[in-house]
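Undergrad: Kindly generate the complete structure, drawing on both the sequences and the hints.
Okay, here's what each chain looks like letter by letter:
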Amino acid sequence: MTGNATSNYIGEAMRSSAALAPPSLADQPGLLAWNLFVMTAAMCLGLMMAGKQARRIWAAREIDHPTDPVSIYRFIILMAGTAIALRGGAEAVSLWSWSSGDAGTVERIAELKRWLDPLSVGCGFVWMTLHTLAEPMIEHQLRKAPLPVDMWSRWPQLRKPALVLVVSLLMATAAVGLR
Amino acid sequence: MIREGAIAAAPGVTVPVVWSFLGYHFPAGSMIVGLLACLMVRLFITLDTPGPKRWVLDGVVTGMAMLVTAVWITEHQVDLFAALGTGGTAGAIGAGIISFFKRRGQSAIDALEAALPGKPAVPADMTATLRELDKAE
Chain A
1 MTGNATSNYI
11 GEAMRSSAAL
21 APPSLADQPG
31 LLAWNLFVMT
41 AAMCLGLMMA
51 GKQARRIWAA
61 REIDHPTDPV
71 SIYRFIILMA
81 GTAIALRGGA
91 EAVSLWSWSS
101 GDAGTVERIA
111 ELKRWLDPLS
121 VGCGFVWMTL
131 HTLAEPMIEH
141 QLRKAPLPVD
151 MWSRWPQLRK
161 PALVLVVSLL
171 MATAAVGLR
Chain B
1001 MIREGAIAAA
1011 PGVTVPVVWS
1021 FLGYHFPAGS
1031 MIVGLLACLM
1041 VRLFITLDTP
1051 GPKRWVLDGV
1061 VTGMAMLVTA
1071 VWITEHQVDL
1081 FAALGTGGTA
1091 GAIGAGIISF
1101 FKRRGQSAID
1111 ALEAALPGKP
1121 AVPADMTATL
1131 RELDKAE
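Chains as they are written, first to last, in the numbering used here: chain A, 1 to 179; chain B, 1001 to 1137.
If you are wondering where the hints come from, they were derived from the structure by calculation, not from laboratory data.
One or more of the hints may lead you astray.
[To be verified] A few chain B residues that face chain A, going by a derived Cβ cut-off under 7 Å, partial list only:
id, residue
1, Ile1045
2, Leu1047
3, Met1064
4, Leu1067
5, Leu1080
[As the list claims (entries may be wrong)] Think about it this way: if two alpha-carbon atoms lie no more than 20 Å apart in a straight line, the pair counts; the simulated SDA-like pairs of lysine to any residue are:
id, chain 1, residue 1, chain 2, residue 2
6, B, Lys1053, A, Leu158
7, A, Lys160, B, Asp1110
8, A, Lys160, B, Lys1135
9, B, Lys1135, B, Ala1115
10, A, Lys113, A, Gly101
11, A, Lys52, B, Pro1050
12, A, Lys144, A, Pro69
13, A, Lys52, B, Asp1110
14, A, Lys160, B, Ala1092
15, A, Lys160, B, Ala1028
16, A, Lys160, A, Val38
17, A, Lys160, B, Thr1062
Backbone N, C-alpha and C fix where the C-beta goes; we use that ideal spot for every residue, glycine too.
TA: This is the structure in structure tokens:
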């Protein structure tokens, strides 16, 4: 009885089996896993970065003038995070959507990605513009108190991103390895 | 063997590995991806919460969200993409699952009470009033 149910299920799975990846990645499971891993992690890390910066900008809105060097620095980081999150997220979702085996879903997600990609590049253009406009003044002001930056004491802050990387890697490995 | 032959015949087309646990069969990839998506969202929420960490509470909520994800994936045999959404949603709802089922469970108990014959006749509106008073305290 149980065996019968199992073989029924396997038969069902075989009927519903579909290509796991776009044609360019179909025969390269390693490359597919690598792409899934990096794009998923990029989405999560970009979201973390952009979210944190947005909250800090909002928290300091009464203190820092919008044209303070620190505000410009934070806005550039916010734009970089948003760009990575949008671009990585669009790519990740479109890669993952192939496993749904539904042509309609894949098509809709692909179209969404085409809309989001220019937006994420636009975020990149915004921070490039800000950098170009603010560069001389920011450098001038940064030279006023040239204390070396102690980065080693902040080392534990990388624990959270490392955790996200590990979880993304496991997800990508499971998705590709168990098909 | 037959499965492998089928895979070899159609490049790029794969068959999900099926695992079974306690007699339940589920697509292994979807299960792991769903559970990890749930864990990832719960990590975001846990680590972003300001104040002292409540590891036990967060662990219990995470475990329950993952259980809900696992049951859903087993029940509906979802594909990888849907497993991501399932896990993410269950993780995002998180503690909301408890309050949802608390409310639902209460109304289920009320309905059962009302359906049982031969019980002491307490009007429904009176019960509701008493319960509201209970909540207020």
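Undergrad: If a hint holds in the structure, say so; if it does not, say that too.
TA: Going down the list of hints, with the structure as the test:
1. With a cut of 7 Å, the hint placing Ile1045 (chain B) at the interface with chain A is violated, because the nearest CB-to-CB distance is about 12 Å.
2. Taking 7 Å as the C-beta cut-off, the interface hint given for Leu1047 (chain B) holds, the closest approach to chain A being about 6 Å.
3. With a cut of 7 Å, the hint placing Met1064 (chain B) at the interface with chain A is violated, because the nearest CB-to-CB distance is about 19 Å.
4. Against a cut-off of 7 Å between C-beta atoms, the interface hint on Leu1067 (chain B) is violated, since the closest Cβ of chain A lies about 18 Å away.
5. Interface restraint check: Leu1080 (chain B) against chain A, minimum CB-CB distance 4 Å, threshold 7 Å, status holds.
6. Between Lys1053 (chain B) and Leu158 (chain A) the alpha-carbon distance is near 18 Å, which keeps this suggested pair within the 20 Å criterion.
7. Of the pairs offered as hints, the one joining Lys160 (chain A) and Asp1110 (chain B) is violated, with about 45 Å between alpha carbons and a cut-off of 20 Å exceeded.
8. With a C-alpha separation of about 39 Å, the suggested pair Lys160 (chain A) and Lys1135 (chain B) falls outside the 20 Å cut-off, and the hint is violated.
9. A threshold of 20 Å between alpha carbons decides the hint, and for Lys1135 (chain B) with Ala1115 (chain B) the separation of about 24 Å lies outside it, so the pair is violated.
10. In summary, the hint linking Lys113 (chain A) to Gly101 (chain A) is supported, as the alpha carbons are separated by about 18 Å, within the 20 Å threshold.
11. Proximity of Lys52 (chain A) to Pro1050 (chain B) is assessed by CA-CA distance (about 13 Å); at most 20 Å being required, the pair is judged to hold.
12. The suggested pairing of Lys144 (chain A) with Pro69 (chain A) holds, with an alpha-carbon distance near 12 Å, which does not exceed 20 Å.
13. Between the alpha carbons of Lys52 (chain A) and Asp1110 (chain B) the distance comes to roughly 45 Å, so the proposed pair goes past 20 Å and is violated.
14. Distance hint between Lys160 (chain A) and Ala1092 (chain B) is fulfilled; the C-alpha atoms sit about 18 Å from each other, no more than 20 Å.
15. With a CA separation close to 27 Å, the supplied pair Lys160 (chain A) and Ala1028 (chain B) exceeds the 20 Å bound.
16. Restraint check for Lys160 (chain A) and Val38 (chain A): the C-alpha separation of about 16 Å stays at or below 20 Å, so the hint holds.
17. Note on Lys160 (chain A) and Thr1062 (chain B): the hinted pairing holds, with a Cα-Cα distance of about 17 Å set against a maximum of 20 Å.
The structure fails hints 1, 3, 4, 7, 8, 9, 13, 15 (numbered hints given earlier, in ascending order).
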